[in-house]
Amino acid sequence: MKKRKWTTFDIFLTLFMLFVVVITLYPFLNILAISLNNAVDTAKGGIHIWPRDFTYANYQEIFGSNDRLLQAFFMSILRTIVGTIAGIIASTMLAYVLSRRDFVFNGLVGFLLVLTMFISGGLIPEYMLIRQLGLINDFGVYIWPMLISAFNVIIIRSFMDNLPSALEESAKMDGANDFTIFTRIIVPLCLPVIATIALFLAVMQWNSWFDTYLYARSNETLTTLQFELMKILDNANISSGDITSQNAEIVAGQTNPQSIKMAITIIATVPILMIYPFLQKYFVTGLTLGAVKS
Amino acid sequence: MSRINNAAEAQPNLPESNTPVHTKVKPGFPMRKGKKPSKKPGQKGFWNRMSKQKALLLMSFPFVIWLVIFKYIPVAGWVMAFQDYKAQFSIFDQEWVGFKHFKDLFNEPMFYRALENTLGMGILSLVFGTLFAIAFALLLNEVRFLTLKKWTQTISYLPHFVSWVIVANIVITMLSPEGIVNNLLVSIGLLDSPINFMAKPDMFWGIVTAADVWKETGWNAIIYLAAMAGVDPQLYEAAKVDGASRWRQMWHITLPSIRPVIIVLLILNIGNLINIGFEKQMLLGNNIVAEKALVIDLYALDYGIGMFRYSFGTAIGIFKSVISIILILICNGFAKRIGEGRVF
Amino acid sequence: MKKKLSILSLSLLFIFALLFLAACSDDSDTDTSSDDNGETEDGGAEKEGDTANEEPITLTMFNADGEEKSFDDPVAQKITEKTGVHLELDYPVGGNDEAIPLMIASGDYPDLIFAKGDIGKLISAGGVIKLDDLIEEKGDNLKAMYGDQLDRLRNSIDDPSIYHVGTYGVEEARWETSGTFQIQLDVLRELGYPTIRTLDDFEAAITEYTEKYPEIDGQSTIPLSLLGSDWRWLITVGDPAAAAAGLAGDGQWAIDDDTGEATYKFLLPELKEYFKWLNGLNDKGLLDPESFTHTYDTYISKLSSGRVLSIADQNWNFGDADAALVADGKEWRTYAPLPVTLSEDHVSQSIKDYGYSGGWGISISSTSEHQERAFEFLDWMASEEAQILVNWGIEGENYDIEDGKRVMKKEDRERMNTDANYSKESGVGYYIYPFPQWGNGAVDSNGQSITPNTEEDIIENFNSAEKEVLEHYEMDNWVEWFPSTEELGVSNHGQAFNYPIESGSDLEIIQQKADDLTEQRITQAILGDPDDFDAAWDAMLEELEAMNIEKANQEMTQKTKDVMELWGTN
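Residue numbers (the UniProt record's numbering), protein chains in the order written: chain A, 1 to 294; chain B, 1 to 344; chain C, 1 to 570.
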């Protein structure tokens, strides 16, 4: 890693990346600005990346209207952590088995897995299943149905396919069994892809709300942040119908569904964005391979 | 041309003639995918191997059970497609109607329009989505200024978290006759007068694809970046010794290294061509472009589940599954034949 | 070998799955009480006969139009005190449509269900009980409320039982218009308060104003803007067309109130005439060119800027813009409703009385363990005592009796008008819909209005510009512009869009296809060249014919006739 001179390529890259930053940051800043702007003022349009009539009213409305948010927030974190860890263990293990072409049932298990990407029984049979398994109003309903995603398993497996086999061979020579090889050699080599899948799983867990509604809504302790935010949005939509000319002036200090939606997007997104920097370090080229070898 | 050909070659065996990269510095480094079971195991060999793979069996058995319970049992619901399902009766007391719902579906002109639009937008989004994500990942991987790299990567996937409702709103506002795009095009003289882009049926597929690329490129690039992180750094060291330019390193090392991931993702995405959802089309569409915006999932929603026609909706679902499975079998077979990656 | 194996295993799986489904359909009825909170489980069913009002119970209730709410405000507490019933409210979060089908599939019904249009599915699934006998035996309050309108609650000509009560007000008065053409107050003022009765008058007014003021606050004036890019096409394009043709509010149908003859409305020549007029406006540049592409947010922001001279919309759809205009001190940019029709020969039906249109309501589930208590509760909600409680709140807290009259407390009146959460927090006005309710024209045994919303309140709530314009036209309320409710008479058939249509029926499918088609074709015709309009319209009629619209007309006619027979209004 010696310092090299900046070439035109580097300058081009830097400019290009700055361009990417600008166009991808815009919608988010736009949402942030609207969420911090007076709702009635927003209705006039023209808010870009800076609030024109600054207010916290939209956030106050959200936090004031619901006293379960904190509890729901912790439940969301809990299901994200447990769901991600369980999902990672399951997907990596299954991926390893499938990466072993000498495994007797490789083709069958692989086929059974891939097929699940393209078939679905539909909502009613799934609901009946969950009900039959006794998972209604149970924390397990957040974990079990989402345990394995065929897509994730195949991504991990194709990463494993590309790993050098020398280490595995030599471990076998030393008499290590398949499970040991998996935990001692394969997993450490796969950290970049595991980090990626962890991100996918965490985002999926964090964003789910429909399963809470469908399977866990009568158990208040299982409520999640996304579900509570969804309910707040519903309420905002309903009460917006009450505006009359006479109260317009006072309502002006308040909110409307559009602005609430923006504030909710911010509240729901920022926590999950926080995990990315922790995973990013696994994406540095060559880091893991070198670490294992030495 | 030769570069492209090289890039298409398997990474460990790059032809020496065209490249200065000493890929053969690691002859004792075969990839795991090269290892295949010995051909045609006899019945005895099968049991033999199985008894040696107890750990593998134990590691996969619970998940096979899981797949059966959570994924295959609900598929029993497919029998609905051959019934006139009414929720009040159990699934055994329904009236059986054979292929009636499939016939209805295949006799419906709207269905063919929806199929055409679905595949059209699916292919566009597959091609451009993949190209942009790979190109972005490759370029980002080359950024040397580490802070910029980290920030760009973090910011580039932000739009993934913004719901389509909001993205559609931003897109429509930007493309309106008074929007920023028209202002820009008129002011630099490319247009004489503003165009109402959203009222042009021929542009609709393009607009949807562009919005999709904008929203998902950063997110899709994450997988490729992770794959790049697995590339053996010694390959780059060797290339540097040989004085290969960074372009050449990208073409001859990075790209071939992530090729298995690219191919697997391509196969999976081709299998999913027909499952493009309907949200973006519904939110970006309007009555002027409706004929270009109708997709299968929207049709299924409006004319199936939305009318509580569960049987009809299930028939559409089965049709989609069959198409997906055929597509993925073809692609997987093809990839296997040319010796590139596989999905199962 | 591999192939054989997978086929074998798949078929095994399938058998396994079928067995499994058999298992779950078997005992779906046995464990319905599992989420009943277990408060009154012990033998409640046996003791139900006696009036156990003292014994408090919890009833679960699904409200298709509900929101997140716990039953603990002062009015709710009063209801519990009087009836011993505590409600646990549930609703479809995020606008989920599958709640009712899932209820049916799983057999997990709440005690009370407000299912709106899905009631038919619950009836055929046996999920709700007949209320006829209960009403006969102990439904005195309900009988008093519905009187001779009770027939309108009946299900169908083949099954004339009553499965639900409630939702709409009985004896509704019409003090506000809805879904009419609306014109900026400033246009009326500038043009010297003209009479605007026909589309031509309307066009002349916006043309003249636009010529006079091509810009408003530095932005170009928009003479007419619609919102035809999403489902609101029906609100701002489809419905105004019917209104201009003098049709009553029957959704996509034009119905002859005497014969019950139903026609898909876009087949009518009057509708063509209206859209041809819109096509002309577009050609003359009077119609906002973005009318069919802009989003709701953009539409509202245009209206809020004050540069849109006229719209054709429902009040609830543009309420946000109205609020923004008043907050900005632009009262003169708010809108007045107009009784505009194609010509003087057509009569605006905006304030027509459709009578009590039974259609939707609250049902009692067949699996409820407290069916009698649930019914007693619904009946009590229809009593005068309950209606005054839910409308006015608690005496001494929300209102006082002055000179024998109910007067809302000043703080409450103020909060009601300014605080969007008032109703939710205090409970005042919260439990009116979808329960059985008196309309705003009904009076109690002392001759006082049962609801606190009187015409005086509406008039008082007009903004200053509205009041000034009304004064110039020598009116108190906009409704005076419209043909009066008495003049229009009470509808014999209610409103066609309320009729339950069997899901997956030919009628439903044809109507959906026709709606999809007309939205597209009419939009294209409006935006097209005026010379092509007739051809485009004829092509659309041909397409409608090809999808067998005639069959839909016949089925709808039959439906209307059945309804009129059931209601005894034929």
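I should point out that these hints are in silico values taken from the structure, not numbers from a laboratory.
Beta carbons are placed, not taken as given, at the ideal position from N, Cα and C, and that holds for glycine.
Don't take each hint at face value.
Restricting the straight-line Cα-Cα distance to at most 27 angstroms, the calculated cross-link-like pairs of lysine-lysine (DSSO-like) are [said to hold, decoys possible]:
hint, chain 1, residue 1, chain 2, residue 2
1, B, 240, A, 281
2, B, 86, C, 130
3, B, 200, C, 513
4, C, 276, B, 200
5, C, 284, B, 200
6, C, 212, C, 467
If you want a taste of the chain A side facing chain C, the calculated C-beta under 7 angstroms gives, among others [stated by the list, open to error]:
hint, residue
7, 52
8, 89
9, 127
One side of the interface only, derived from the structure: several residues of chain B facing chain C at Cβ under 10 angstroms [stated by the list, open to error]:
hint, residue
10, 107
11, 178
12, 180
13, 181
14, 183
15, 199
16, 278
17, 282
18, 290
19, 306
Now for the hints, and whether the structure bears them out:
| no. | hint | verdict |
| --- | --- | --- |
| 1 | B:240 x A:281 | holds, 24 angstroms |
| 2 | B:86 x C:130 | holds, 21 angstroms |
| 3 | B:200 x C:513 | holds, 23 angstroms |
| 4 | C:276 x B:200 | holds, 22 angstroms |
| 5 | C:284 x B:200 | holds, 21 angstroms |
| 6 | C:212 x C:467 | holds, 25 angstroms |
| 7 | 52 | violated, 13 angstroms |
| 8 | 89 | violated, 25 angstroms |
| 9 | 127 | holds, 6 angstroms |
| 10 | 107 | violated, 12 angstroms |
| 11 | 178 | holds, 8 angstroms |
| 12 | 180 | violated, 14 angstroms |
| 13 | 181 | violated, 14 angstroms |
| 14 | 183 | violated, 14 angstroms |
| 15 | 199 | holds, 5 angstroms |
| 16 | 278 | violated, 14 angstroms |
| 17 | 282 | holds, 9 angstroms |
| 18 | 290 | holds, 5 angstroms |
| 19 | 306 | holds, 7 angstroms |
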